[in-house]
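Protein chains in written order, with full-length UniProt numbering: chain Z, 1 to 352; chain H, 1 to 352; chain S, 1 to 352.
Since the hints were derived computationally from the structure, they do not count as laboratory data.
We treat Cβ as the ideally placed atom computed from N, Cα and C, and that holds for glycine.
Think about it this way: if two alpha-carbon atoms lie no more than 20 Å apart in a straight line, the pair counts; the simulated EDC-like pairs of lysine to aspartate or glutamate are:
id, chain 1, residue 1, chain 2, residue 2
1, Z, Lys4, S, Asp197
2, S, Lys4, H, Asp324
3, S, Lys4, H, Asp198
4, Z, Lys4, S, Glu203
Label pairs and their computed distance ranges (CB to CB):
id, chain 1, residue 1, chain 2, residue 2, range
5, S, Ala3, H, Gly102, 38 to 46 Å
6, Z, Lys204, H, Gly244, 30 to 38 Å
7, S, Asp119, H, Thr305, 48 to 56 Å
8, S, Gly57, Z, Val201, 53 to 61 Å
9, S, Glu240, H, Val201, 34 to 42 Å
10, H, Lys298, Z, Phe243, 54 to 62 Å
11, H, Gln18, Z, Ala182, 21 to 29 Å
12, S, Asp335, H, His323, 39 to 47 Å
13, S, His323, H, Leu88, 55 to 63 Å
14, H, Gln18, Z, Gly352, 23 to 31 Å
15, H, Lys298, S, Asn154, 33 to 41 Å
Now for the letters of each chain:
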Amino acid sequence: MSAKTNPGNFFEDFRLGQTIVHATPRTITEGDVALYTSLYGSRFALTSSTPFAQSLGLERAPIDSLLVFHIVFGKTVPDISLNAIANLGYAGGRFGAVVYPGDTLSTTSKVIGLRQNKDGKTGVVYVHSVGVNQWDEVVLEYIRWVMVRKRDPNAPAPETVVPDLPDSVPVTDLTVPYTVSAANYNLAHAGSNYLWDDYEVGEKIDHVDGVTIEEAEHMQATRLYQNTARVHFNLHVEREGRFGRRIVYGGHIISLARSLSFNGLANALSIAAINSGRHTNPSFAGDTIYAWSEILAKMAIPGRTDIGALRVRTVATKDRPCHDFPYRDAEGNYDPAVVLDFDYTVLMPRRG
Amino acid sequence: MSAKTNPGNFFEDFRLGQTIVHATPRTITEGDVALYTSLYGSRFALTSSTPFAQSLGLERAPIDSLLVFHIVFGKTVPDISLNAIANLGYAGGRFGAVVYPGDTLSTTSKVIGLRQNKDGKTGVVYVHSVGVNQWDEVVLEYIRWVMVRKRDPNAPAPETVVPDLPDSVPVTDLTVPYTVSAANYNLAHAGSNYLWDDYEVGEKIDHVDGVTIEEAEHMQATRLYQNTARVHFNLHVEREGRFGRRIVYGGHIISLARSLSFNGLANALSIAAINSGRHTNPSFAGDTIYAWSEILAKMAIPGRTDIGALRVRTVATKDRPCHDFPYRDAEGNYDPAVVLDFDYTVLMPRRG
Amino acid sequence: MSAKTNPGNFFEDFRLGQTIVHATPRTITEGDVALYTSLYGSRFALTSSTPFAQSLGLERAPIDSLLVFHIVFGKTVPDISLNAIANLGYAGGRFGAVVYPGDTLSTTSKVIGLRQNKDGKTGVVYVHSVGVNQWDEVVLEYIRWVMVRKRDPNAPAPETVVPDLPDSVPVTDLTVPYTVSAANYNLAHAGSNYLWDDYEVGEKIDHVDGVTIEEAEHMQATRLYQNTARVHFNLHVEREGRFGRRIVYGGHIISLARSLSFNGLANALSIAAINSGRHTNPSFAGDTIYAWSEILAKMAIPGRTDIGALRVRTVATKDRPCHDFPYRDAEGNYDPAVVLDFDYTVLMPRRG
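Looking at chain Z on its own, in the form it has when it is part of the complex (with noise of 0.2 Å):
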């Protein structure tokens, strides 16, 4: 291999305290923001308007919440997870500074945690990536820790620090960017009349709908984000793999899931925070993706009667409608359909 091929880091290449900055700056344009639509269909009326946008206070309608973690997301993976084996989980994700069309986002990795596993061939490796837009603003931080395989499995084992993992974000620590009036808020244009106050800790929403996934979507989705995970591009080798075929970016199924939870969540307006998440089993190409969801957490947010916060997990399946509500077993495992089990924290209008 010439020199000048990055084959990636390996469980070796990363010291602790290590800060990895990536490549490539990415602008975000409106090109983008259709590709998204074209890719998932949201109807999210802040994100699909821009006089709806303005209508809260905001310049424009802003980027997608999940679009610009995809993005940050995408471009750590030649870095930190080219030889990854699984991507374990995600953890204190805050979305900080909206992103409109135009601005350009860069990420930067710092190695917060390390450990060898007892195999002594891998090891998981904690990150905690930060992406900044063009003024340098934070516009997504979070935790992500990953497995990935040793170059040399003699190397010796780098001391073990696992890092704190946050149960969730604090509704404290979230950004809430716009502000609503009842007098401007317009329910039929958002599609709901089911606002913050109107959700109960405990309620489980089924989002109904299914949504089958092509091979040349999930692709085109992972190029967008500039995401080089190799598991997803290529038949040649996947066929021989341990699935026979691509497997499709965790990312992808998050967003689908997203936005089939329009149905029964229309006023969830923005994420702010993502707590916790999971890709509980891999997702193909020809999958029916189903979900729903579960409000685990009803907060106000200090200092605002506009708006409040919902902590909702949103589980997604293959093959499988979700009015039964799928999700784990009496041992704490996961319903074989679950493919998708991602906590995080949704801003919705309140009826002030």
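With chain Z held as given, fit chains H and S onto it using these hints.
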């Protein structure tokens, strides 16, 4: 089902005279235009080139009439046709204010007719839908009628009211938003030397080329329009359904046929009216769409010598070339290969 | 066939010295850029990030050279190659004025060579095509030759004229539209520490990754370029043809290979010239494309110490990794896995 999930309206939910404000307003951008080009390959110069559009007095390249149609239409689906069995027809479609990138469209529908079917299980709903821009200018209005299921077969039948359906949009009702001067009109750039004067009533044109539909394409298109009709997206359910697979959104066929029609109608710069439309058979991924057109009428526009109107019927087929113009048999039954019978009015420069 | 339908030109329709103004002018936008990213996943910093481009003195992120090529080229298809049997080659491709979102491109071709084949049924047409922007500045010119069918085998053969084809574009003819200062050039953002100084003539680089092609992708790409070549779109016809399926537009392979080449050539910020190109085998949906490159020449640019030129051959294969650099055998015959032999010149920052 959670009360917060939208089950769609059933036949007995509609009331004569009822007005429905649809979610979600949608800001159209250059990104949508690029997606539209990638999905249909449209080559009409007016919508492809800003200098060309400016040479006709527009501020820039406008949004394709059919993209406007799909977006205005898409908003009505969750309220009007989520429980529809059949999309029976369109009439009286009239384009108004030119739509540019940056404009935001929203749609309102009024129920103008109701007729329960004899089986007592379904009924026909007639709506007049109006799409407006951010200044409340009408960009498109049309009448559509659909057959919708009843939730409760015992719900009483409403009084039958069937609206008058116009046979076509009168030439005096057409909006002609640009002007042509023979000196400035670039025939080579437009792609054909044939102008309004050169077409004859009764003339038939085979558009020759065929284009095969892929699942990813029609789903991306339909999501771009935020159209949520379930039959287009869910293989897991449709596999067990009538056709065993997903059905292509009928509007996707309209746009494919319009794009094919460039070869023979290149100077038909824009669609000014949709007189009537029928999806005579479903289309599926793997089908190859062909099209032919007949000139139904040639109409001078009052007060205009630069531009004339042509009433055109474009017929689309699947897996069936159109050199012999397949249409209907002596009893009026459609050829089984015909998937679309679309009667519309285009604007075309005159020789002056 | 209606006289109004374009049958394309046949060999005997071309005249030496003839100039053809092609339809349709095309305004390129940020939407096209997003589509291009979603189709190829390109990560070169210059075209991905406006601040990065501005740090090199450009007003904003320019349009990728290859997207310019595809759009300029696409316009020529209905006039030049609708009846082509084979796309034989390119030469003398030279990029000129930088293209930005909002620019409008149109193309004119001049017939510079004609040679009837011995079979009397076909001939080779050589054209010099020039793409210009809205100010008539040349953005790209190139020579292309194609084998075209005769309509009438009895049509007389024209005088044979074969133009001189340049082996490569001289370094003095390259447009170098940006400047680099070592102080400002962000290597981490660009994605590699290897600059012009670090490459050696004869050096070979395996780009490692492979990407599988889907029907929806290559058709969306080809339509985005308004390229109407029939073999890419019509399964109904191609099913009965030589390969039994649709053929992927050769330019799609060029863009896939260029995108793969980021891994090893990340600082090759833009393509300044296309010296020659051959599509040595057809590609189809389902094929996985790999690529490798060889540095053919290293050229200082007169008067410039900040940027140098590299002449590169990038070879793409299908279903065949490139660690051993598959190319030609001792007789000069291409390895059957090779689909593209592309010789071009890139601009790359120097160590200064």
